[in-house]
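Kindly produce the complete structure, drawing on both the sequences and the hints.
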Amino acid sequence: MKNLINRIRGVERDVIEKPGDAGDAPFYKPQRDEIEIFKAAYSKRLPVMLKGPTGCGKTRFLEHIAHVLGQPLVTVSCHEDLTSSDLVGRFLLEGEETVWQDGPLTRSVKEGAICYLDEIVEARTDTTVVIHPLTDHRRQLPLDKKSQIIDAHEDFMLVISYNPGYQTVLKDLKPSTKQRFVGIHFDYPEEDVEREIVAKESGGLDADRVEKLVAAGRKARALKDHGLEEATSTRALAYAGELMQAGLSPRVACRAAMIAPITDDPELIQALEEIFDAHFPESEAA
32 MKNLINRIRG
42 VERDVIEKPG
52 DAGDAPFYKP
62 QRDEIEIFKA
72 AYSKRLPVML
82 KGPTGCGKTR
92 FLEHIAHVLG
102 QPLVTVSCHE
112 DLTSSDLVGR
122 FLLEGEETVW
132 QDGPLTRSVK
142 EGAICYLDEI
152 VEARTDTTVV
162 IHPLTDHRRQ
172 LPLDKKSQII
182 DAHEDFMLVI
192 SYNPGYQTVL
202 KDLKPSTKQR
212 FVGIHFDYPE
222 EDVEREIVAK
232 ESGGLDADRV
242 EKLVAAGRKA
252 RALKDHGLEE
262 ATSTRALAYA
272 GELMQAGLSP
282 RVACRAAMIA
292 PITDDPELIQ
302 ALEEIFDAHF
312 PESEAA
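For what it's worth, the working numbering labels the leading residue of the sequence shown as 32, then goes sequentially.
Hints in this document: simulated from the structure, not taken from any laboratory.
Don't take each hint at face value.
Taking lysine-lysine pairs in the BS3-like style, the calculated list, with each CA pair at most 30 Å apart, reads [what the hints assert, rightly or not]: (1) Lys255 to Lys82; (2) Lys243 to Lys209; (3) Lys60 to Lys250; (4) Lys75 to Lys60; (5) Lys205 to Lys82; (6) Lys255 to Lys243; (7) Lys141 to Lys70.
Pasting the structure below:
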């Protein structure tokens, strides 16, 4: 009855399950020593901060490494309306009773999952403070509304992601929060690695178009310093490749995946179109 009421109410509860075998791990191509650093941090249960631009592979890396380690992964997408209650839990009315429902962070702490707070800086400052006791020797989560303190499961690990390029004076992680984490820096991969990623993620796009797509994307990335707010990501390149595989012409695929989502500025649109048109001649546009 409780589960039925929750479903009617729209209350969802994460199911924390062990991932598949390591052989089923999501595809990830290492760039540097990020896997070694993460494994070392995990062996000591140190909290980790993944730093890097949007679409460079931070989330995919974590999905991959969670499978490799055989650990469940709970992901929370942070936003400006995220409250501490959203993370730790709240009291809910159920009939004439008031019952407590754990949030995703609390469930991860209790059951020994890797809890991933994606784009942590988007959350309110008073929300991020709740994670501090989990990021030092205490490894505890206070539940103020229940007057309880929960000791973290021995397998629990906290991971956050952070995009330094988006931060401002008004919206940034406090130094007191940053210094609690082991930092792993991510960036867009080297060209040969990016070609391999795009070929794999697009489902086997032919080598010629992969090479042109990646070359065009890397050139478009240079516009980040000339008015473009978001650089052309590896994820966007993979999306364009998938659209090509689905039958779209290269030019149409590039416009849909790498121009339309990131800018409405006519001059920037024209500049990007010129880059992609130069790499994919008219004969390929039909």
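We went through each hint and held it up to the structure:
1. Lys255 to Lys82: 18 Å, holds
2. Lys243 to Lys209: 39 Å, violated
3. Lys60 to Lys250: Roughly 22 Å between the alpha carbons, so the hint for Lys60 and Lys250 holds.
4. Lys75 to Lys60: Holds, at roughly 24 Å.
5. Lys205 to Lys82: 15 Å, holds
6. Lys255 to Lys243: This hinted pair holds, its Cα atoms lying about 20 Å apart.
7. Lys141 to Lys70: 21 Å, holds
Violation of the numbered hints given earlier is confined to hint 2; every other hint is satisfied by the structure.
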